Each structure stands twice: as C-alpha cells, then as structure tokens.
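There are 2 protein chains.
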Amino acid sequence: MFSVYEVIKKKRDGNALSKEEIDFMVMGFVKGEIPDYQMAAFLMAVFFKGMTAEEAVNLTQCMVDSGEKVDLSAIKGFKVDKHSTGGVGDTTSLVLNPLVAASGGIVAKMTGRGLGHTGGTVDKLESIPGFQVELPKEKFVENVNKIHIALISQTADLAPADKKIYALRDATATVDSIPLIAGSIMSKKLAAGADGIVLDVKTGSGAFMEKYEDALALAKTMVDIGELAGRKMVSLITSMEEPLGFAIGNAIEVKEAIQTLKGNGPKDLEELCVNLGANMLFISGVASSMEDAFKKMRNAITDGSGLKKLKEMVEAQGGNPEAIDNTDLLPKAKEEIPVESPSDGFVRRIDALEVGLAAKALGAGREKKEDKIDLGVGIYLKKKIGDEVKKGEPLAIFHTSDEKKFAEAKRRFLASYEIGTERVDPPKFFYAKVDKNGVTEM
Amino acid sequence: MFSVYEVIKKKRDGNALSKEEIDFMVMGFVKGEIPDYQMAAFLMAVFFKGMTAEEAVNLTQCMVDSGEKVDLSAIKGFKVDKHSTGGVGDTTSLVLNPLVAASGGIVAKMTGRGLGHTGGTVDKLESIPGFQVELPKEKFVENVNKIHIALISQTADLAPADKKIYALRDATATVDSIPLIAGSIMSKKLAAGADGIVLDVKTGSGAFMEKYEDALALAKTMVDIGELAGRKMVSLITSMEEPLGFAIGNAIEVKEAIQTLKGNGPKDLEELCVNLGANMLFISGVASSMEDAFKKMRNAITDGSGLKKLKEMVEAQGGNPEAIDNTDLLPKAKEEIPVESPSDGFVRRIDALEVGLAAKALGAGREKKEDKIDLGVGIYLKKKIGDEVKKGEPLAIFHTSDEKKFAEAKRRFLASYEIGTERVDPPKFFYAKVDKNGVTEM
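Chains as they are written, first to last, in our numbering: chain A, 839 to 1280; chain B, 839 to 1280.
Source of the hints: derived by calculation from the structure; they are not laboratory data.
Predicted model only: the values in this text are computed from it and were never measured.
Heads up, some of the hints might be wrong.
Since copy identity is lost for identical chains, a pair holds within one copy or between any two.
Unchecked claim - Calculated pairs, DSSO-like style, for lysine-lysine (alpha carbon to alpha carbon, straight line, at most 30 Å):
(1) K848 <-> K1002
(2) K847 <-> K1206
(3) K847 <-> K1002
(4) K1133 <-> K1207
(5) K1058 <-> K1002
(6) K1206 <-> K848
(7) K848 <-> K1207
(8) K887 <-> K1058
(9) K1105 <-> K1146
(10) K847 <-> K869
(11) K847 <-> K887
(12) K1058 <-> K848
(13) K1172 <-> K847
(14) K1001 <-> K1105
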C-alpha cells in the first residue's frame, strides 16, 4: 500500500511515478478514498513537474480502465478515427469521414456536442432533417459493415475517472498541463475502440494551445500514448489563427461541408480534410503510400464519391438525403444581415475564439450542456486574414433570428477583427506532422 | 470580489498577490467558503512559486488577525521572546530566559509541548515537582512585573487560520515552503505579543531546514515579517548537525539546564544561550552594546543570578525550588543503562533526528498530542562528533523504565551513529546572524 502523501511528494520533487502509484492515486480518488484536496495538490504538482511518456501512458490507461470500453470487434477491418483539439468553424468531420469511407477506410465514430466557443459534430448532423445521432449498437455495427461509415452520439460512460479529474482541474487552475490534457483526450479516444487515430492539434489564437511548442509537445505525448497502447497514430499540427473555412454555425457548416465535397469549398478546409484523410487512409493500410493516399482523397472529391457516401450515411441514419442536394431543406435563420467593415485596409488579425463566442451569442452554441441551440443561425465570413476590405464592405454575413442576440454578437465580432493599412500574408496553415518516427515539418 | 480560480492561476503563473487577494483566500478558507481542494492547489502553487516579502507579511498578518492576540500591555517595559525552529535536546529556554531576566530583560513567554522528535519546554517544566504551567492571566502579569519572568503553556487560540492551513499542508506535501513556514511561525509569535523576538533557525541533519541556504532564506523572511509588523527582530542560524548539549529528555534536560546555569554545562549549549540571550538583551535596550550584552549574560552565570532567577520562577509558579538544588527530587527512570560503541574510532556523524526519535521511543516524547510521556526517561550522550571512542565504551547512558522500549530505542540510537577510523573536527556551530541590517557571518 502506498502513502498518498509520499506519492504527492514524489511528484512534487520531480520524480517519475510507477504504474502502481498512478493507479493508486487515480482509482483511490475515483472511489472516494483519496480526498479531493490531496488530488488537487497532486494535480498542481503535475502541472509544475510534468510526466514522462511512460507516466502519461499509465495515467491514460488507468482512466480508460475506469469505465466502459467500446468493443468494435464485430466490425471487420481497420477502424480509423480522427480527433481535433477543438477550434472554430471546424467542419472537417462532415467532409473527411465520407471521403475516407468512399476511399476504402472504415469510420465507426462516436462524437460529441458543442460547448463554449467550439461546435460539435452531433449538433451539425442534427440540422439534417430526420438524421438519427443515436443508433442501437447492432444498427451501428450493421451500417459500418455495409457502407463503411456511421457517425453517432457518444452515449457510453467512457473514462469516468477523466470526468471526475477534469472537474477538479477546472476548479484549481490545473487544466493547462500537457500530460493531463493528453491523458484526458486519449483516455476517451482509446476507450472508443479505434485501431488508428489521426489527431489534429490546433495552435494559434483560437486554439487551446496558443503556442506552437505547446501544441507540438501535446501532439508528441498523445502519439506516444496511442502507440504504446498499440494503436496506429499520426498527429498534424495546424493553424487556428483564424476560423477554418467561412461558415461558423450548424446548418451553415453542413452546407459548407457539402460544397467542399463538391470541390467548391474553402481551400483551407479542403486541404485540411485531404491531409488528415490521407493520413487516415495510410495508417489504415488502404493506401500503398502517402502519395497514393492523397490521390485517393482528391479523387473522392472530383468523382463525387465522397458526396455520395455522405448521402448514403444520411439515408442509413434516417435522414433526408434530398437535403444534401437541396440545402434549402436545412434549418434557416430568419434573416441574413451583413456586418460591415468600419474602415479601409487589410485584415491583419482575427481572434478566432472571439468569433466562436460571437456565433455562440447568436445562438449557434451553448454555455451549459442543457442549453438549447438554434441550428439555423451562424456567421459566414466574407473576409479572412490578408484580404483587402473597403469601409462598408461586409466582413461577414450573420444568419440571425433575434435582434438582441445579433447586437451582442456583432459587438463581439467587430472587436475580433483587426484591420490595418498594410498588406499582410495569410497565416501559415500546416505546421508539422508527428508520428512514431518523429516530427516532420510541413 | 475576486475569483478563487484567478487567484490560484495568478500565483501558479508566478505573480505576486495583493493584500486583498491573500485575505480573500485565507479568510475564505477559514470561513469554509473556499473548499479545501482549491486551497490545496493554491498552497502547492505557493510551494513552487514562492512569495515576495510583502506577500509573506500580508499572509502572516492575515493569520494573526484570524484569532486572539495576547495583550501584554499590563506588563511594563520591553517584552522579549525567543523562538527556535526545533531541534533535538534543545534546553535553551530553561537556561537563557532566567539569564535574560536576571540581566534586566523581561520574559513573558507562552510555550508549547513536544511533538515528534522535538521536545517541548512545557513538558520539561512539568518535571519540576509542583510547577504550574497554567496561570491565570492576572497571576502571569503579576509574576512578570515582579520577577521579570514567567513561562506558561499557550492556551489562547492564536492564529487559527494557521492551524487550519497547516493541517492541509501536512496532508498535501506543502509544508516545506519557506514563506508558508515563516508565516506559520511568525503568525503565532506576533499574536503572542512580544515587542522583540530572537529566532534560532536550525540547520543540519537534525533540523527542519537541512540546508544552510534554506535556513538563511527562512531567517530573512521571518526577520522581514517581524520588522514590517513593528517588532525588533534578530535571527541566528545555528547548527543542528548533532543534538545540543548531552541530555535528550525532560527531567534530564532540566538537570542539564541547572548545570549550565552553574557554569558546568555543555559548552555548545552555554554558548548558544549566551549568544541568543545577548541579542535579546540588546534589542530590549537593556545592554548598551553587544559587548555589554555578552558581558551581562556571562556574569549572570558566574555570579549565580541566573540560577537564582530560575528558582524564583519555580517558586512563583508553585514548584518546589529545592528540586533546583537537589535534582534527586526530579522524576527518575528505573534504570541507567550504558549503550556501548560497537567499534573503535572517531564519531563522524550523529543523525540528530534519529537520536530524537530514539529518545521518543524510550517514552520521552509523543507521537500524537494525546500521548502520555515519561518525564524521567531520556538519553545522556557521552560521545559527540569528533570524540574518540573505544569499542565497548559507552556512547550514551540511557535512562529507561521499559525493556521493550529500551531495545527499540537502542536499535535506533546505534543506527544514528557513524564511527570512522579517521580523526574529524566537531561541526561548525554558529553560521550567521540576520537582522534588519542584513546578514553577518559568524
């Protein structure tokens, strides 16, 4: 039997903990045998002293073992998943998963709702009339075996230890710790059962990890954790200096996803989806090389097979496939109001987080889990970093249904734009790729 | 109103907190409005990021204000106090306070019981037959005004915030933080009401602050806190590389104190008492110079006035003054058993902490507050660092009343001695003096 005090002290003094010591702390805390004040001191010590890769793996595995594990063994083949550390206007799931499935990958994905400034794929899918985000296990398995794709809402109690620890971190300023973030994300991903996971770690003003170095450290830690747990891992590090694509909302993001599957979407969104998806195909063993993987992804756009796959999935999950061809069938806001530039110049900076909060203020996102959201509202950007703009020209079109919410959202939105007099380049988008072989700059 | 989260984060990120933020945290915690897990995370952040002198002062003052403050205004003149950070065989209080009072200083002291490996003055005093460690306030004031000395047990609820915070630190590995230690000690000393305080900060293997640098930092912080609170402060930094003097116990330490007051005590104990006491006299304004202060202290030994003062105090507090002349009247153990050296050589090292624990194992100390102690038992050292010893020669005489306890104590004691073949010098004893003018090496 260990002493809680000694384990805290060991970490405080910068020593690595054994698997048994980590299990003792985490399970003791989950069972209520270790009081929250000792766990809080421990977490703050981890904040300052970090964890080795081995410790992070053991922490993650222990949190995985604390709850249900999704058994995907009834689904044949290599199941591949994607996870993003969260951004603004991130429509990738709706684009890349159909492309991957159309190219021979197998996507059996459980996903979540939005919270705060970040949207959630489940909410976006629910803006498709009739779409069922909850499927019985058998139907989920059947769909994936048949059409190689299903996107459903996560209902299993995955990694409850993480949930309990996260609540404590959130109250004690110990969220911003790379091994703790990595453990939190990876415990849920490992419990969700995929054989391979491609991560999209965001960096920049709209991301959780503002600095590249932190994003890189987080990506490395998560790749280590996954590989040591026997999964195939790749992580890209990409920019969240400004919102991804043009649309921030729910139905309007679905519309943007459809355009992207048709080859008419925003280039940053398309490139991100092709890159992430190519890595998914490659680790799945479906593509013979990364070059082949990229070719397959681009083909699935040009030959329309990705769009066809989205329609198949919508139909298989009870949604109206006509809404994919005729996006007027998606929920709509009452009005579309342009928000105009207060001056001439060039867009120098967009605070992506603030744009996300502006969209939330319109009603597109929620503060608390129980809050209702308005699927039709959102922000459609007309100008991004580097674009020239004239005074009075629209920076964005707001899709809005409530005057008061519009006023608040407009105030936030305008404060998030910085317009300068000098020409600026658009921000770098792809930073690096991390896998078991190391880091490759992009 | 502040946010607890933001205050934790501010400290975590290495920023200094305002007086208002510190009050908010401490009083919120004391009132139960701030949960212990947030306080625990905060304390760990303080452990890593420290506090400025100003923050430490504000923390201390806030803890002082959380409880009773002893009002010594009914006692005329400059009241001077001494505090030691705790050591093994530390008989100084029983020696220096009578010497100071005999030389014109005023000692109105509240003191504590022993815990763990450290003895307590109250326990030692109780080994004098009839001695009352609890006096009504009026009697305490009357005694000091009349004979300039009273040593009583602390009963007031001083600095309850410190008590509550200390309990949490003790469970969360956040005790070893210099500003927190300084705040804890100084809040109780300031609340105890003396006008001047001389600190004896111990360093070495038997001390809380093993490293000199830590002891120095602690001394500086405590001097800053006291001076900023309007008290006259001096701190010495002295060695606890081996037990002080020869006796470790209760009655046997009283006996050693009496010998020292007669000029026949161990030289390290005598020098320490003279040094601390001279500083007490000097800050009291009773001596015109440090030279004069030293002379007064040494005189109080040679002319017997210190011993006479001890007798006066014993009588004034209901004790039998004959016990001072005839120490056979003090409690005695059943047996005195020599513990012999296992080899020839020179004493190279004594683990003072382990010797303290050996004395505790004999019954001289307590594990928990409620434990009873045996006033007669203890260890009388015959060999200290640098002494030559022959195999079979006694390293110490154990005063013991219980065979089983003796065996355990002997085992611990022998493990604490390191005997080498080469001659070694006794350890350096005085390191430095710290006051408002800075640090002077000794």
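Hint check results:
1. For the homomeric pair K848 and K1002, the shortest alpha-carbon distances inside one copy (23 Å) and between copies (24 Å) are both at most 30 Å.
2. Taking the shortest alpha-carbon separations for K847 and K1206, only the inter-copy value of 22 Å comes in at or below 30 Å, while the best intra-copy value is 36 Å.
3. With identical chains, the CA atoms of K847 and K1002 are at most 30 Å apart both within one copy (22 Å) and between copies (20 Å).
4. Proximity of K1133 and K1207 under a CA criterion of 30 Å is satisfied in neither setting, with 40 Å inside one chain copy and 76 Å between copies.
5. Proximity of K1058 to K1002 under the C-alpha cut-off of 30 Å is restricted to the intra-copy arrangement: shortest distance 25 Å within a copy versus 42 Å between copies.
6. Taking the closest pair of Cα atoms, K1206 and K848 come within 30 Å of each other only across two copies (25 Å); inside a single copy the shortest separation is 37 Å, beyond that limit.
7. For the identical chains of this complex, K848 and K1207 are inter-copy neighbours only, at 28 Å across copies versus 37 Å inside a copy, given an alpha-carbon limit of 30 Å.
8. Taking CA atoms no more than 30 Å apart as the test, K887 paired with K1058 passes in both settings, with 17 Å inside one copy and 27 Å between copies.
9. With identical chains, the CA atoms of K1105 and K1146 are at most 30 Å apart within one copy only, with a shortest distance of 21 Å there and 95 Å across copies.
10. In this assembly of identical chains, the alpha carbons of K847 and K869 lie at most 30 Å apart whether taken from the same copy (21 Å) or from different copies (28 Å).
11. For the identical chains of this complex, K847 and K887 are neighbours both inside a copy (11 Å) and across copies (16 Å), given an alpha-carbon limit of 30 Å.
12. Taking identical chains as interchangeable, the C-alpha atoms of K1058 and K848 lie at most 30 Å apart whether they share a chain (24 Å) or sit on different chains (28 Å).
13. In this assembly of identical chains, K1172 and K847 lie within 30 Å of each other by CA distance neither inside one copy nor across copies; the values are 59 Å within and 42 Å between.
14. Neither within a single protomer nor between protomers do K1001 and K1105 lie at most 30 Å apart by alpha-carbon distance, with minima of 36 Å and 62 Å respectively.
Figure legend: structure checked against the earlier numbered hints; hints not met, in rising order: 4, 13, 14.
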